[in-house]
Amino acid sequence: MTLAPVRGTRQEHIMNGFDFTLCGARLMALGSGALWWAEHRLLCVSDLHLGKAERIARRGGTHLPPYETRDTLTRLQDALEATGARQVICLGDSFDDDASARALASEDKLWITRLMAGRTWVWIEGNHDPGPVELGGSHLAQMELGPLTFRHIAQDAATGEVSGHYHPKARLRGGSRPAFLLDQRRLILPAFGTYTGGLRSQAPVLNSLMDSKALAILTGPTALPIPMPR
Amino acid sequence: MGKLLRKTFSKFCAFPYKDNMKDLPTPFHDWFATKGWSIHPHQQAMLERADDPATLLIAPTGGGKTMAGFLPTLAELADGHHDGLHTLYVSPLKALAADIKRNLRTPVEEMGLPIRIDDRTGDTPQSRKKRQRADPPHILLTTPESLALLTSYEDAARTFKGLRRVVVDEIHALAESKRGDQLMLALARLQSLCPDLRRVGLSATVEDPEAIAHFLARHPDPCPILLADPGPAPDIQMLETAQAPPWAGGGAAYAIPAVMQQIKAHRTTLIFHNTRAQAEIFFHNLWLANDDALPIGIHHGSLDRVQRERVEGAMVRGDLRAIVCTGSLDLGIDWGDVDLVIQIGAPKNVKRLVQRIGRANHRYNAPSKALLVPANRFEVVECRAALEAAQAGDLDGDPRGAGPRDVLCQHILIAACAGPFDAGDLYCEMITSGAYATLTRPQFDACLDFCATGGYALKAYDQWQRLLQRPDGQWQLRDPRAAARIRMNLGTIQDSDKLKVRLKRSRGGKPLGEVEEAFAASLTPGDTFLIGGQTVRYESLREMTVEVTRQPGRKPKIATFSGTKFATSTQLSARILEMLKQDAWPELPPHTADWLQLQRRVSQMPRAGRLLIESFPHDGRAHSCIYGFAGRNAQQTLGLLLTKRMEDLGLDPLGFVSTDYATLIWSLEEIREPAPLFDLDTLRDGLDGWLAGNAVMKRAFRGAATIAGLIERNTGGQRKSGRQATFSSDILYDTLRKYDPNHLMLDITREEALRGLVDFGRIEEMLTRINGRIDLRRLERITPLAAPLLLEMGKVPVKGAGVEKLMQQEAEALMQASGLAGLSG
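In order, the protein sequences belong to chains L and S. Heads up: the first sequence at position 77 corresponds to 77 in our numbering, and the numbers run straight through without jumps. Heads up: the second sequence at position 246 corresponds to 1246 in our numbering, and the numbers run straight through without jumps.
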């Protein structure tokens, strides 16, 4: 077991990032796990899984600390304020399921409405939340903007694709962190939600999606690009 | 004759047959007479006290304890009038339950007694388990977990109807663990179902029999203690070696030739180690030196069950000359032919040493023979102190404190599985268990609220409560189907996530054992490590199985298990400090005595009532050695807390290393004013604030949260189906600290931190002992006592703000090396 001191959490760092170009679009992978597209003042987050604790309890599981929605929204708000985003894309699995979207506490709904106010807001469909919600915004299966296509699950032959779904993570110096996966054709976002685990970048499905020169960009106090561990 | 017979009945041989078995029915007289056997005084005493509500028998290993526990049961059942379950036997080991069943049957059959005996453990087939609930045997042999499961069924009252006696074997081991707490809560339940239930505890020699008696009996019932003749004093010595032990380390490789000599000179030798890693390395070295190819085996808890059983079988048959082992052989089946026990490394704890020594020579009147092998120079002192304590019968042990509340939460859930319950009744039942006697009603209610609603400041689960209160005031599961999930997560054994290790073959190779997931994650293909005494090469990770190939002859690269490291007990540490006070040490070998004299000359000896801190430059850095004698875990915690304080004070600490007796810190600036560093309140703030984010605390949280039912155990299926579905318990811990800092689970985690891995209790004990008396010795060079610490493994770098910088450097290096650096951006 490692007893090494650990300081700082990923919540505390927002506006550090790693700049890159994907199919001509200049993007920045933020240490918070959000994607920033300055040209469109667009912030994209994936897999918020709001209401996860409620869903687990509803389905007969245990009572996890019911604060993950609050924590996720706090970090989302921080990212919005730090970037001054005018457009937001939530890349699917924003709610753990439709019922958890409905079951959201009224102050949390109000909070989301407040975040949405004055911004163009797009909910992309995920596999967990096919058809949300009374919250407003646009609801799309996928969205195209400039050279990029935003959808929840990556498609084999796609180019200029930004997706989520897999919750990728990667390991460096013995520690594992949520990570963006990037190659010439596509970008896969890490999960932004507080109660989300990760899939190691070595997983066969990620290996077959990403080309041999892919990068993993670790989230955290600083966004750190490394060759994707395979 | 089976093992149990060797274990129990052969002891009668010491007493020629005489007719002293007044309370025994005729078949027993006849049978004993045929065998020409007689009965031990303490076995007779157990028969006489058969009607007492609780009895604790303390007897040395090999004293016929188990038979003493069972004789009253056999006598009561002999007439065939009892219907249903009569006696429940609980032991910490599955193997023991199975073994005793096998061997108890022999006398029962030979005497023609109408007694049905069966065992029930995790290995028992479902069909047989079902039958046992409907039609229980007279004697059921089981483990704490299987018993807890039995009490969780709705038909528990029927299963246990008529139960008269419960026999708890190896109770000294259970009394130290949460398994024991769970067992005693289950017995409280059984006592409500069967008010006349009588309890018997069987214990090895312990330092505080009263504590075990308190643990066993229904509170506040009295519990008389029966002390069997402890037998002759053991013959304990230090192993003499041609070569002096090294200055640091724990392998004791220097002693291999001398140990080999001893193996040759004895029939069967048990070689105990404190950790699995050390056992593996020692076995490896022993095997290299085994020129005569003597049959030598290895046995520890991470080996595959089949492998372990093979070694046990060979041992029972007398095929092995030596077994290299760990605590996995502390308990259980007696090996009748062992004539020497060797303890490698300081025993850390006198009680465990005495119990291990008891594993040798189980003939009742022969002294056990044992040799201690210090692994390094300081352990020479420690072994000597332990040896003297063992000879004086001065055993150690820390009082355990109140029963842990995570186990209590689980018990509430188990009660709910069995059917609706009244909270007041359940509370009254629980406080009849000694460990929970001081539990207050508000504490209980907080646990009940946790089980029912999660117990959060934010009331989020009103609609999905786990337990509901009915209009009549009884509590029940909201959804009866939840019972199955609760049962799946039952138990208190902490298994950190383990991965199976197999030989790589096309169709699933031979299983070798298990390694911790964290260890597996640190491997890269080509790394070699030891498991089960062989060197293997890591090939790949497939479906949560570590695949390896054999690499004979290659020197292993990495030690295998992080494992538990025992800390030297408070009492043994005190004894060592006492020894250091002496003017001279004629009882120690000259190499060690001279070393201590030199320390006294150039600096001073650490003393019990003061804290010695030595400060000296070495290798261009300031070094401070703090002789707290608080045990390894507490010294490690102290290192973490002190370096954090030093960082705040601008002393730029760079790293530290800890042993059982000292912590050595290196830094850019030297410590000139130590007193503020050792302020108890400040250290406690450090524990609550900064250390709370440490991995050790997260591990304590995970353990407690799993037992309490907040986290469900990973089952194989879930893990295979994709890791993104599950997330780390660390996230739950961080979230709770941030949003609900007064939550019950954090309170329990803090309580755990006082003992075990964080062991803050020992730091408090040390600070009380020194009471502000700190001796700072500023010296020009490293001192004799401090020098070995520089050679210790397990140095902890203080990363501070530097951790991100190190990661950045490594990331850049990787990018450069792979040629990807210019790709994007």
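Calculated from the structure, these hints are not laboratory results. Treat the hints with caution; some may be incorrect.
[Said to hold, decoys possible] Straight line, CA to CA, 25 Å or less: simulated DSS-like cross-link-like pairs of lysine-lysine:
1. K1101/S - K1130/S
2. K1500/S - K1644/S
3. K109/L - K1161/S
4. K1161/S - K1130/S
5. K109/L - K1459/S
6. K1738/S - K1698/S
Hints, one by one, checked against the model:
1. Restraint check for K1101/S and K1130/S: satisfied, since their Cα atoms lie roughly 19 Å apart, inside the 25 Å limit.
2. A C-alpha spacing of about 38 Å is found between K1500/S and K1644/S, which places the hinted pair above 25 Å, so the restraint is violated.
3. Pair hint K109/L plus K1161/S does not hold up; C-alpha atoms about 55 Å apart against a cutoff of 25 Å.
4. Between K1161/S and K1130/S the CA atoms are separated by roughly 16 Å; this keeps the pair inside 25 Å, and the hint holds.
5. A hinted pair counts as satisfied when its Cα atoms are at most 25 Å apart, and K109/L with K1459/S qualifies at roughly 17 Å.
6. The straight-line distance between the Cα atoms of K1738/S and K1698/S is roughly 14 Å, inside the 25 Å bound, and the hint therefore holds.
Checked against the numbered hints given earlier, the structure breaks hints 2, 3 and satisfies all the rest.
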